[in-house]
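Take the two lone chains and join them into the complex the hints point to.
Given next are the chains, with one letter for each unit.
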Amino acid sequence: MQHTNTQDTLVGLFVASGIVGLFFLAMQVSNLSSFTENESYTITARFENSGGLKVKSLVSAAGVKIGKVSAISFDPKTYESVVQLNIESKYNTLPDDTTASVFTAGLLGEQYVNLEPGGSSDYLKNGGKIEITQSAIILEKALGQFLFKSAEEKK
Amino acid sequence: MIEFLQHLGKETHTSFTKLGRGTYFLLQTLNGIVSVVTRPRLLINQLYSVGVLSFLIITISGLFVGMVLGLQGYYILSDFGADETLGVMVAASLVRELGPVVSALLFAGRAGSALTAEIGLMKATEQLSGMEMMAVDPIKRIISPRFLAGIISMPLLAALFSAVGIIGGQIIGSGLLGVDEGAYWSQMQAKIDFQDDIINGIIKSLVFGFVASWIALFEGYDAIPTSEGVSRATTRTVVNSAFSILGLDFILTALMFGDN
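Line by line, the protein sequences are chains Y and B. Using my numbering, read the first sequence as starting at 1 and increasing by one per residue. Using my numbering, read the second sequence as starting at 1 and increasing by one per residue.
None of these hints come from the bench; they were simulated from the model. The beta-carbon is built from N, C-alpha and C at its ideal position, and this holds for glycine as well. Please note that a few of the clues may not be correct.
[Claimed, not checked] Mimicking EDC-like on lysine to aspartate or glutamate, the simulated pairs with C-alpha atoms at most 16 Å apart in a straight line are:
| no. | chain 1 | residue 1 | chain 2 | residue 2 |
| --- | --- | --- | --- | --- |
| 1 | Y | 125 | Y | 96 |
| 2 | B | 191 | Y | 110 |
| 3 | B | 191 | B | 84 |
| 4 | Y | 129 | Y | 97 |
| 5 | B | 18 | B | 222 |
| 6 | Y | 56 | B | 193 |
| 7 | Y | 129 | Y | 75 |
| 8 | Y | 54 | Y | 110 |
| 9 | Y | 56 | B | 196 |
| 10 | Y | 68 | Y | 88 |
| 11 | Y | 68 | B | 193 |
| 12 | Y | 129 | Y | 48 |
[Stated by the list, open to error] A few chain B residues that face chain Y, going by a derived Cβ cut-off under 7 Å, partial list only:
| no. | residue |
| --- | --- |
| 13 | 48 |
| 14 | 51 |
| 15 | 159 |
| 16 | 162 |
| 17 | 198 |
Pulled out of the complex, with its shape left as it was, chain B reads as follows (with noise of 0.2 Å):
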C-alpha cells in the first residue's frame, strides 16, 4: 500500500516536472522565434522537411476520405431522398472536423515523429551540447524554425486535405453514383458558412499545429539521449500528440459549434 502511494506520488512529480519543463521549453521556443525572421532561410529549410514532404500523404489521404464520404453520405442520404445534400454533407465533416483532426492526426504522426527522432539524436550524438559549446543557442538555431514551421504547415495541410476531400467527394457523389454535380456545389455553398466554418476550421487547425510541432520537438530534446530513450520519446510524440489533438478538438467544437 505505501509502496503503491510512494509510486503515485513520484509519477504524479514526474509528470508534473515534465509539463513545467514543457513549459519552459515552450517560452523559450516562442522567444526564440524573433530571431527565425531574422534568418528565413532556416525556416524555408524547415518548411521543405515539415510541410513539402507531408504534402504527399495529406493530399491523398484526403482524396480517399473524401471519396468514403461521398459512398457513405450517398448510401445514407439516399434513403431519405436526400442525395442532393451530398455536398453539404462531405463539405461540412471535411471543413469542421474531419480535415484539421485526420490532417494533424497524419502530421504528427509523418512529420512530429520525425522532428522527435532528429532532435532526439541530435541530442544523444551531442550535437546540441555542441552547439552551446560554440555559443549557438540550439533553441534558436534548431528548435524554433521548425516550431514556426509546423505552425505555417498545418492550417495549409488541412485546407488542402479539405479541399481535395471534398474534390473526391464530388469524384464519386456526381462521377459514379449520379449526384447532380450543380445541386452538389449550390447546397454546399448555400449551407457553409465562411465565418463559422471554413476560419473555425483554420483556428482549429492552427491550435492543432501548435500542440502537435510542440509536443514533437519537447519529446525530442526530452528524450533520453541513448538509442532506446528516442524510440521511447518518438512513440511518446505520436501517443501524446493523438491525444491532445482529438482532446482539444471535442473542447474546440464545443465552444465553436455550441449555438447550432
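Isolated chain Y (complex conformation) (with noise of 0.2 Å):
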C-alpha cells in the first residue's frame, strides 16, 4: 500500500506541476494578466491613410496606453480609412477637438494612434468622431519627396 501512496503523491505533483507551468505561461508570459475586459467606450477617426495599422494596435496618449484600435475599414464613398477606436471608460474627458495622428514607434517600429487632447471643454462620448487626425507617413512618400525636391534644388 505504502508503494501506491508514493505513486499517488507523485501524481499530484506532476499534475500540480503542469498546472503551475499552465498558470505561469498564462499570468507571467502572456498579456492575460494586463488583459482585463475594462469598460470601454468606441469613438472613429478617419484618416486619409492610416499606414500600418492594425486591429489591436496601440490608442495612446501622452505616451500611456488608453485603449486599442478594434476595426479598420474602407469608406468607398471618401476614399478614406475609418479606424475604430476603444477607448478605456475611465478616461471619458478626452475633448471633442481631440487630434488623432498614426505614429510609429521607433524607425522600424509598430504603428499606433496617438491623441493628443485640444482645448475644447465638450468631452467625445461613446460613437463620437475625431475630426482632426494626421495620416500616416509613408517612407516610401517622404523619401520619393524628398529626392524630388533635391533634385529640383541642383537644377
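Shown next, in the form of C-alpha cells:
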C-alpha cells in the first residue's frame, strides 16, 4: 500500500506542476494579466491613410496606453480609412477637438494612434468622431518627396 | 511489371486495412473511456508511468532548448540592436511550436515506445487473450486508461516544457548575456497573446497527445506477437508518431496562425 501512496503523491505533484506551468504561461508570459475586459467606449477617426495600423494596435495619449484599435475599414465614398478606437471608460474626458495621428514607435516599430487632446470643454462620447486627423507618414512617399525636392534644387 | 503492380496493390490494401483496424480500435478505446471514470485507480497508475516518468526528460530538455534559443536569439537579435526582444523570440517559438512539438516527440520516444512494448508483450505472452477468457475487456482495462493518461499528460508536459524553456532563456539572456530582465519579461507580455498563442499551443499538444497515444497503443495492440514483431512495432510507433506530429503541426500552424 505504501507503494501506491508514493505513486499517488508523485502523480499529484506532476499534475500540480503542470498546472503551475500553465499558470506561469498565462500570467507571466502572456498578456492575460494586463488583459482585463475593461468598460470601454468607441470613437471613430477617419484618416486619409492609416498606413500599417492594425486591429489591436495601441491607442495612446501622452505616451500612455488608453485603448486599442478595434476595427479598420475603407470608406468607398470618401476613400478614407475609418478606424474605430476603443478607449477605456475611465479616460472619458477627451475633448471633442482631440487630434488623432498615426505614429510609428521607433524607426521600424509598430504603428499606433496617438491622441493629442485639444482645448474644448465638450468631451467625446461613445460613438463620437475625431474631426482632426493626421495620416501615417509613409516612408516611401517622404523619401520620394525628398528626392524630388533635392533634384529641383540642383537645377 | 505485373509483380510490381501486385506488390503495390497488396501494400495499398494492407495499409488501408490497417487504417481501418486503427479507426475501429480508436472507437473502441473512446468507448472504453467511460468505464475508466468509474475506476480512477487505473488512470492514476498510468498517469504515473506515462506522465511522471516523462517529467524529468521533458523539463531537462526544455531547459536546454530554452537556453539554446536564448543564446542563438541573442546573437542574431543583437546584430539589429534588438536584443531587448529576446524574450518575445524565446517565448513565441517555445509556446507556439517547440513546446508542443518537441515535448510530443520526446513523449513519443519516452512514453509511446514503452506503451507499445508493454502492450505488444502482453499480447505475445497472451495476457490479453487471458483477460478475454476471464470476460475482462482488455480495451477497457488496459488500453483506455493509458490513452486517457496520454491525453491528460501531454498538455501538462508541453506547458512545463515551455515554462522551463522560457526560464532557461532568461537565465542565459539576462544572467549571462546582459539583456535587461525587465525588458525580457515586459516585451514578452506585450507580444504573447493568451488566446492566440497559449491556448493554440495547448490545443496543439492535446492533438499531439491524442495522436501519439493512439499510434503507440494501436501498434502495440496490432503487433505480431513475437519478440521480433514487438520490436518492429516499437520502431513503427516512434517513426509514425514523429511523422504524424510534424505533419499535423504544419496543418495546425497553417490553420491557427494564418492571419498574422
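Now for the hints, and whether the structure bears them out:
At most 16 Å may separate the alpha-carbon atoms for a hinted pair to count; residue 125 of chain Y and residue 96 of chain Y meet this at roughly 8 Å. Restraint check for residue 191 of chain B and residue 110 of chain Y: satisfied, since their Cα atoms lie roughly 11 Å apart, inside the 16 Å limit. With a CA separation close to 13 Å, the supplied pair residue 191 of chain B and residue 84 of chain B stays within the 16 Å bound. Of the pairs offered as hints, the one joining residue 129 of chain Y and residue 97 of chain Y holds, with about 9 Å between alpha carbons and a cut-off of 16 Å not exceeded.
Taken as a hint, the residue 18 of chain B and residue 222 of chain B pair is honoured in the structure, with Cα atoms around 9 Å apart against an allowance of 16 Å. Taking the CA atoms of residue 56 of chain Y and residue 193 of chain B, the gap is near 11 Å; set against the 16 Å cutoff, the hint holds. The straight-line distance between the Cα atoms of residue 129 of chain Y and residue 75 of chain Y is roughly 15 Å, inside the 16 Å bound, and the hint therefore holds. Distance check on the hinted pair: residue 54 of chain Y and residue 110 of chain Y sit about 9 Å apart at the alpha-carbon level, within 16 Å; holds.
At most 16 Å may separate the alpha-carbon atoms for a hinted pair to count; residue 56 of chain Y and residue 196 of chain B meet this at roughly 13 Å. The hinted pair formed by residue 68 of chain Y and residue 88 of chain Y meets the criterion: a straight-line CA distance of about 9 Å does not exceed 16 Å. About 14 Å separates the Cα atoms of residue 68 of chain Y and residue 193 of chain B, which keeps this hinted pair within 16 Å; it holds. Under the criterion of a C-alpha separation no larger than 16 Å, the hint pairing residue 129 of chain Y with residue 48 of chain Y is consistent with the structure, at around 15 Å.
Here the hint on residue 48 of chain B is kept, as its CB sits about 5 Å from the closest CB of chain Y, short of 7 Å. The criterion of a C-beta within 7 Å of any C-beta in chain Y is met by residue 51 of chain B, whose closest approach is roughly 5 Å, and the hint holds. Restraint check, residue 159 of chain B versus chain Y: the minimum CB separation of about 4 Å is within 7 Å; hint holds. Checking residue 162 of chain B against chain Y by beta carbon gives a least distance of about 6 Å; that is within 7 Å, so the hint holds.
For residue 198 of chain B, the interface hint holds, since its Cβ comes within 7 Å of a Cβ in chain Y; the closest pair sits about 5 Å apart.
Checked against the numbered hints given earlier, this structure breaks none of them.
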